[in-house]
Structures are given as C-alpha cells and as structure tokens.
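> Below, each chain spelled out in residue letters.
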Amino acid sequence: MLRDSVLKHCEERKSPDRPFGFLDLYETYPDFQIDVEAEKQRLLKFQRILFQHPFYWYSCPPLLKHYFDEVLELGFAYGPGGQALKGKHWQQIITTGGSAEVYSHEGSNCYTMDEFLRPYEQTARLCGMRYHSPLILHAARRLTEEARRKAIDSYKKLVDSHLEGEIV
Amino acid sequence: MSHAPSFLVLAVVFLSAAVIMVPLFHRLGIGAVIGYLVAGILIGPSVLNLIPKVEDILHFSEIGVVLLLFLIGLELNPTKLWSMRRSIFGVGLSQTVFTTLAGLSIGLLLGFSWQISLAAAMALSLSSTAIALQVLKEKKWLPSPAGQTAFAVLLFQDLAVIPMLAMLPLLGEVASGSESSSWLSFVKSVGAILAVVFLGRYLIRPILRTIASSALREILTAFSLLLVLGISLLMSLVGLSMALGTFLAGVLLAESEYRHEIEMDLEPFKGLLLGLFFMSVGMSMNLSVLTVQPFLILGLVILLLGAKGIINFGISRAAGLDVRDSLIFSITLSQGGEFAFVLFGLATQLQIFPEAIAQPLSLAVAISMISAPLLIVAFEKIYLAKLAVGGKLARRDFDAVENEHSKVIIAGYGRFGQMVGRVLHSLKVPITVLDADPNQIEIMRKFGWKAFYGDATRMDLLEASGIATAQILVIAIDDMDASLRIIEQVKERWPQVKIISRTRNRATAFDMMAQEVQVVREVASASVEMAEKVLGQLGYGRHEAFQISRKFYNYDLKMMEETAPHAQNQAVLISTAFRSKEALMRLMEKDEKNFRDEDHPDAWS
Numbered sequence: 000m001l002r003d004s005v006l007k008h009c010e011e012r013k014s015p016d017r018p019f020g021f022l023d024l025y026e027t028y029p030d031f032q033i034d035v036e037a038e039k040q041r042l043l044k045f046q047r048i049l050f051q052h053p054f055y056w057y058s059c060p061p062l063l064k065h066y067f068d069e070v071l072e073l074g075f076a077y078g079p080g081g082q083a084l085k086g087k088h089w090q091q092i093i094t095t096g097g098s099a100e101v102y103s104h105e106g107s108n109c110y111t112m113d114e115f116l117r118p119y120e121q122t123a124r125l126c127g128m129r130y131h132s133p134l135i136l137h138a139a140r141r142l143t144e145e146a147r148r149k150a151i152d153s154y155k156k157l158v159d160s161h162l163e164g165e166i167v
Numbered sequence: 000m001s002h003a004p005s006f007l008v009l010a011v012v013f014l015s016a017a018v019i020m021v022p023l024f025h026r027l028g029i030g031a032v033i034g035y036l037v038a039g040i041l042i043g044p045s046v047l048n049l050i051p052k053v054e055d056i057l058h059f060s061e062i063g064v065v066l067l068l069f070l071i072g073l074e075l076n077p078t079k080l081w082s083m084r085r086s087i088f089g090v091g092l093s094q095t096v097f098t099t100l101a102g103l104s105i106g107l108l109l110g111f112s113w114q115i116s117l118a119a120a121m122a123l124s125l126s127s128t129a130i131a132l133q134v135l136k137e138k139k140w141l142p143s144p145a146g147q148t149a150f151a152v153l154l155f156q157d158l159a160v161i162p163m164l165a166m167l168p169l170l171g172e173v174a175s176g177s178e179s180s181s182w183l184s185f186v187k188s189v190g191a192i193l194a195v196v197f198l199g200r201y202l203i204r205p206i207l208r209t210i211a212s213s214a215l216r217e218i219l220t221a222f223s224l225l226l227v228l229g230i231s232l233l234m235s236l237v238g239l240s241m242a243l244g245t246f247l248a249g250v251l252l253a254e255s256e257y258r259h260e261i262e263m264d265l266e267p268f269k270g271l272l273l274g275l276f277f278m279s280v281g282m283s284m285n286l287s288v289l290t291v292q293p294f295l296i297l298g299l300v301i302l303l304l305g306a307k308g309i310i311n312f313g314i315s316r317a318a319g320l321d322v323r324d325s326l327i328f329s330i331t332l333s334q335g336g337e338f339a340f341v342l343f344g345l346a347t348q349l350q351i352f353p354e355a356i357a358q359p360l361s362l363a364v365a366i367s368m369i370s371a372p373l374l375i376v377a378f379e380k381i382y383l384a385k386l387a388v389g390g391k392l393a394r395r396d397f398d399a400v401e402n403e404h405s406k407v408i409i410a411g412y413g414r415f416g417q418m419v420g421r422v423l424h425s426l427k428v429p430i431t432v433l434d435a436d437p438n439q440i441e442i443m444r445k446f447g448w449k450a451f452y453g454d455a456t457r458m459d460l461l462e463a464s465g466i467a468t469a470q471i472l473v474i475a476i477d478d479m480d481a482s483l484r485i486i487e488q489v490k491e492r493w494p495q496v497k498i499i500s501r502t503r504n505r506a507t508a509f510d511m512m513a514q515e516v517q518v519v520r521e522v523a524s525a526s527v528e529m530a531e532k533v534l535g536q537l538g539y540g541r542h543e544a545f546q547i548s549r550k551f552y553n554y555d556l557k558m559m560e561e562t563a564p565h566a567q568n569q570a571v572l573i574s575t576a577f578r579s580k581e582a583l584m585r586l587m588e589k590d591e592k593n594f595r596d597e598d599h600p601d602a603w604s
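Protein sequences, first through last, are from chains A and B. Take the first sequence: its position 115, counting from 1, is numbered 114 in numbering that gives the first Met the number 0, and each next residue is one higher. Take the second sequence: its position 126, counting from 1, is numbered 125 in numbering that gives the first Met the number 0, and each next residue is one higher.
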C-alpha cells in the first residue's frame with residue numbers, strides 16, 4: 000500500500016544517471032539465507048540507502064537486522080579496508096503502531112524515537128555513512144484516508160529529494 | 000502312445016525337469032545352474048533318456064547364452080569398456096596364453112602330437128561365460144575387482160574364439176581350403192562386425208523410435224528378439240562367435256534411451272533359455288565313458304581345475320588383486336567352457352583328433368562346469384568360517400586394507416548418500432564411503448576419498464571400513480530391509496556407533512527409532528518444499544509460505560516422534576491420527592487468530 004504507491008512513483012522517476020533500486024527482503028530471502036556477495040555488490044551500486052520497516056519492539060524486523068549482521072562485513076563496511084560505504088547516505092522510513100506522543104519521556108514508551116534509533120545512527124557512523132533522521136509514520140494502522148495520503152506524499156518527496164541529490 | 004507333437008513333449012519334459020530340480024537345488028544352497036545341469040543329466044541319454052536328439056537342443060539353447068551376452072552388453076557402457084581394455088587385453092590375453100601353453104606342454108609330455116595338444120589346450124583354456132557370470136551375479140561379486148577382472152577375461156576369451164576357430168583348420172591333417180578362402184572368411188568377418196556396428200549406430204535407434212511411438216509393446220519385444228537373433232544369424236553365417244556379435248550390439252545400444260525397455264522385455268526369455276542351455280550341457284554328457292574310465296575322467300577334471308586354478312591365481316595376483324579376490328577369480332574361471340564343446344566338435348570333424356580323445360575331454364569339461372558352483376559354495380563356507388574365527392587368511396586380507404579411522408561411514412553412495420558426503424567433505428570431515436557401484440567408487444578414489452566396493456550388509460566389509468572406531472554410520476541405501484539388517488547387526492557388535500538412517504515409510508521409521516536410530520524420511524522435506532511452492536503460486540508471500548510449510552513439517556515430525564513409542568498399538572495410532580488432524584486444524588486456526596489479534600489497540604504500540 001504505502002510502499003507500492005511510492006514504488007510506482009520511483010519507477011517513473013528513475014533514469015540512467017539517477018538509478019533506483021528496490022529490495023523486498025522477506026520476499027527475496029524468505030528462509031533468511033542472504034546472498035551476502037550479491038548484497039554487497041548492490042550496496043556498492045547506490046549512493047543513498049533507504050530502509051523502510053515497521054518498528055517492532057523498538058527495533059527493525061529480524062531479517063533486516065540479520066541483513067545488517069551479515070552484509071556489513073569487517074573489511075567491507077567498516078574496520079581496516081572497510082571503505083565501501085564511506086560517504087553514502089543512510090535514512091530510514093519507519094512506521095510505528097504507537098502515536099508520536101507515546102514516544103516521549105512522558106509517554107508509555109518512555110523514550111523518544113531518537114533515543115531508540117541510536118543503534119542505527121551509530122551503525123551508520125561506524126560505516127562512514129551520513130545518517131539522516133528517519134521519516135516516521137506514527138500510528139500507521141489507524142490512519143485516516145487523509146493522513147495516509149499525506150504520508151505517501153511525504154515519502155515521495157523524500158525519495159525525490161534523494162534522487163535529486165538535494166539531501167546532503 | 001499316439002502322435003503327440005514332438006516339440007510339445009520336449010517342452011513338457013524340459014519344463015518339468017526344471018521345475019522339479021531347480022527349486023530343489025536352490026533350497027540346498029547349491030544354486031540354480033547346477034540344478035539345470037543335473038536336470039539335463041537326468042533327462043538325457045545317460046539316465047532317463049527322455050530326449051532323443053541332444054545336439055539340436057544344444058544348438059538351440061545357445062541362444063540363451065547369446066541373449067545373456069546381449070543383455071550384458073546393454074548394461075555396459077562403451078567408455079567403461081574402453082577403460083577396461085587393460086584388463087581385457089592384459090589379464091585376458093595372459094590368462095589365455097599361459098593356460099594354452101600349459102595345456103600344450105602337458106599334452107606334449109603325455110606323448111600327444113603338438114596339433115592335438117594345441118587344439119585341446121586352446122579349447123580347455125576357455126571358461127564358461129554363462130556359468131561364471133551366473134555365479135558372479137548370484138553371489139553379487141560382479142562389481143568387485145574379482146568380478147570385473149573375470150568379466151574382462153571372459154570377454155577376451157569370446158574374442159579369442161575367433162582366431163582359435165580359424166587356426167583349427169590349419170592344424171588338421173585334411174588340408175583346408177586355399178589361401179583365398181581364409182582371406183574370404185576374414186573379409187566376411189570384418190564385414191559382419193562392421194555391419195553390426197553400422198546397424199547399431201545408425202539404424203536401430205530410429206527404428207526403435209518409430210516402434211516405441213506406436214506404443215505397441217509387443218512389437219518392441221519382437222524387434223528386440225529379432226535384433227538378437229538376426230545378429231546371431233549373421234555372425235554364425237560368417238563363422239564368428241554369435242555371442243560376440245550380440246554383445247557388440249548390446250554395447251552399441253547401451254547408451255540409448257530404449258535400453259531399459261529392451262532389458263525388461265528380454266529378461267524373461269534370457270532366464271528360461273539359459274536354463275535350457277545348462278540342461279542341454281547336462282544332457283550331452285555321455286556318462287557311459289564315466290563308468291568305463293572313471294579314474295581317467297577324474298584325473299582330467301582335477302588336472303584341468305588345478306592347472307587353470309593355479310595359473311589364474313598367479314595371473315590375478317600379478318594383476319594386483321588381493322588374496323580373496325584372486326581366489327574368487329581363479330575358482331570362477333577354472334572350469335571349462337561351452338565353446339570347448341564347439342571346438343571339440345570341429346576338431347573331430349577336421350580329424351585333428353579322434354572321438355576317443357574328444358569324448359573324455361568333453362566329459363571332463365562338463366563335469367568341471369558342474370564343479371564350479373560347488374567349489375564356490377565350498378570356498379564360501381571355508382573362507383567364511385576362517386573369517387569368523389579371524390583366521391590367518393582373514394587377517395591378511397584386512398591388513399591389505401588401510402587402517403581406517405574415519406569419523407563417519409556412509410553406506411550407500413547414491414543421490415541420497417552423496418549429498419551427505421559432499422556436505423561433510425566440504426568441511427574436511429574424514430569419511431569412508433561404501434557402495435556397490437564400481438564406477439562411483441573409482442570416482443571417489445580419484446578424489447582421494449576412502450571408498451570401498453561392496454554390499455554394506457556384509458559385516459566384514461564394515462569392519463574393514465573401520466566401523467569399530469567410527470563415530471557415526473550413515474545408512475543411505477535404497478533397500479529398507481537391508482538397512483534394517485545392517486542396523487540390527489551393527490547395534491549388536493558395535494553399539495557405541497551412532498546410526499542415522501534414511502527411511503522410506505513410517506513402519507520402517509518406527510522400527511529404526513525403536514533401536515535408537517535417528518531417522519530421516521526420504522520424501523518429507525521434498526513434499527513440504529512442494530507445498531511451499533504451491534502456496535507461492537497461490538499468492539502467499541514467500542516468507543509466509545516458507546513459515547507455513549516449515550511449521551507443518553516440524554509439526555508432522557513431532558507427531559511422528561510422539562507416535563513412535565506406540566507403534567505397536569494400533570488403537571493409539573488411529574486416535575493419534577485423528578488427534579493430529581484436529582490438532583493441526585487448531586494450529587492453523589491459532590495462526591489466523593494471531594493475525595486478527597493485531598487489531599487490538601494495545602497490540603502494536
């Protein structure tokens with residue numbers, strides 16, 4: 000739904016000098032057997048990596064975490080000789096169940112999204128990447144039609160600005 | 000008695016003799032071949048004299064041998080044949096040459112002319128293809144080095160018959176035809192062989208394709224028979240060995256897609272016709288000579304078996320076979336062969352030697368042919384006895400095998416076992432592989448694996464493979480009964496070895512599990528994999544399909560494990576089957592409910 004309409008948008012906008020790629024992890028690796036070499040090659044090809052995922056238990060779903068564990072190898076993504084991702088951009092698009100309010104010190108989740116997202120921030124930093132604050136879509140299941148449309152628009156705008164190279 | 004059609008009488012006599020004698024001998028553990036031979040003796044002129052013209056029957060029954068060779072050719076592949084060329088021309092040639100020389104020397108020593116000695120020696124050097132192969136197949140020794148070498152030698156002997164037949168006329172007192180006739184026959188022979196090759200390569204397969212596409216099964220059978228008989232006819236017209244011709248045809252067809260069809264079609268004919276052949280050999284034995292000169296005959300038999308046996312043993316040891324295989328090789332090939340009868344017949348015709356010499360020799364050959372299966376039985380009993388006691392013979396054999404210290408032994412190296420082996424090999428886990436296919440074993444050995452021929456149900460083979468020090472035995476063979484036998488014996492003698500076995504059905508699985516064997520069901524994973532694919536096609540997400548199918552697989556496995564202790568109890572099994580259906584539905588319902596629960600406001604916050 001969210002993803003599909005954005006995907007269509009991106010397909011329309013891509014071009015040879017603005018390549019666009021899409022990877023559905025759970026469709027591609029349903030048994031968690033990630034083809035590490037192929038994924039490393041994929042990362043090399045693109046400058047801006049966007050991760051779209053729901054926020055399950057203050058983190059990303061297991062397969063995405065597995066992806067980080069497997070693909071961000073020592074000597075490739077970080078550590079001695081690990082320069083492959085240097086200077087690339089990292090941004091997440093996150094959907095949450097809870098509303099924005101509960102993700103605060105006063106709310107039921109006790110901490111802010113920024114605080115929960117430190118691990119990702121640090122991961123990006125260690126890989127020499129530029130971390131950008133995520134686009135967050137709170138209360139994703141209870142969106143009104145209106146809110147949904149606005150969300151899709153924001154998503155599309157974000158992708159556009161990446162494609163145009165406006166986000167540095 | 001009124002005029003009963005003679006062939007009907009013949010058929011009834013033959014079939015009765017076979018039906019009575021063969022099961023009897025099989026029961027006694029002596030083997031079908033001897034049963035046929037004795038049946039033949041009984042109905043032949045020497046005892047009951049139920050059959051008038053033995054000669055004709057003998058000729059007719061040669062078709063059995065011819066058919067056997069065709070089927071063997073079919074089961075070979077040319078590359079393998081080429082790879083056997085060293086055995087065929089190395090061991091085969093030396094065996095025939097040495098035996099002939101020995102026979103020649105003995106004949107000369109006994110005061111016979113060199114022509115007689117040579118003719119007799121050549122005839123006697125040949126071994127009975129039919130009997131040797133039958134024995135090897137029956138005892139399942141064909142894949143072993145002994146069997147393979149014996150087979151190569153037999154093949155060579157078949158080829159050797161041609162020059163022998165050609166030489167006989169030259170030995171005769173009666174001048175053979177002029178130079179041109181022997182050239183003519185040479186050309187004819189070459190022509191015939193080329194015809195067979197041409198036929199096999201270019202004509203037969205298109206014909207087979209046409210017939211096969213018409214789906215008339217019986218015509219395919221008819222064509223196969225026509226092929227064999229036709230080639231035999233061609234070969235006999237030219238004076239070549241019929242068996243060689245059909246063997247060649249078989250080899251040419253071995254790689255065709257129709258091989259299995261033809262094999263199946265001809266198999267029943269082969270069995271019966273071979274039996275007929277052996278019966279005719281029995282019939283052609285003139286026992287009166289035996290009663291008149293018993294010691295002469297006995298002496299001849301012992302001389303024949305002894306001399307050939309010793310020469311064979313020497314040659315096979317020189318060729319690198321171990322003691323056990325050399326013994327098998329020597330005994331299996333020490334008898335005389337059916338071609339001896341052919342050569343004797345021709346020799347008498349050409350007046351190279353008189354009947355008085357041919358008869359005792361023929362008898363000796365026939366008796367030696369009977370003796371081979373008996374000797375094998377004796378050998379087995381004695382050798383196996385030595386093995387059980389761990390006698391000197393046995394120990395030396397095991398020393399010949401490297402000291403094995405593999406952690407894992409895989410019994411059965413077909414597709415199932417191979418996968419296991421490859422996984423382990425990639426991790427450099429030391430493994431030993433057992434299989435009954437010599438090609439497989441050869442490939443494995445090239446890779447430096449420890450691989451052995453043989454029947455994994457043989458405990459001596461397992462022992463030689465180092466099972467006493469192994470950690471795990473993987474049973475990956477096809478035959479569930481054999482697997483169960485292996486498990487029973489291994490558990491008894493080497494209980495510390497962990498056994499993991501392939502299993503085909505629940506009954507076998509339960510049986511194995513009851514003996515503390517870990518089982519892996521042949522088909523379960525694959526069928527679940529298929530279910531997963533179907534779900535994918537139906538529009539389920541790949542991960543969802545994966546989850547569902549794995550869940551089902553694990554559930555099914557758990558059910559099986561829970562049922563195993565109750566395998567004997569039918570009632571429990573039935574109620575478990577019901578319960579498992581119920582339980583599965585509940586399981587699936589629970590999954591659905593979990594999805595719906597996500598609508599709850601507190602579910603994802």
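No lab work stands behind these hints: they were computed from the structure. Quick caveat, the model's predicted, so the values are computed rather than measured. There could be a bad hint or two in this list.
[Claimed, not checked] In silico contact screen, one side only, chain A against chain B (beta carbon under 8 Å); selected entries:
(1) 25
(2) 26
(3) 79
(4) 120
[Stated by the list, open to error] Restraint ranges, calculated between C-beta atoms of paired labels, are given here:
(5) B/538 / A/65: 23 to 31 Å
(6) B/536 / A/44: 46 to 54 Å
(7) A/80 / B/422: 48 to 56 Å
(8) A/35 / B/413: 28 to 36 Å
(9) B/445 / A/65: 19 to 27 Å
(10) A/17 / B/538: 40 to 48 Å
All C-beta atoms in this analysis are idealised placements derived from N, C-alpha and C, irrespective of residue type, glycine included.
> Decide, hint by hint, whether the structure agrees.
Against the structure, the hints:
no., hint, result
1, 25, "4 Å, holds"
2, 26, "5 Å, holds"
3, 79, "28 Å, violated"
4, 120, "23 Å, violated"
5, B/538 / A/65: 23 to 31 Å, "25 Å, holds"
6, B/536 / A/44: 46 to 54 Å, "31 Å, violated"
7, A/80 / B/422: 48 to 56 Å, "31 Å, violated"
8, A/35 / B/413: 28 to 36 Å, "33 Å, holds"
9, B/445 / A/65: 19 to 27 Å, "40 Å, violated"
10, A/17 / B/538: 40 to 48 Å, "33 Å, violated"
This entry does not satisfy hints 3, 4, 6, 7, 9, 10, going by the numbered hints stated previously.
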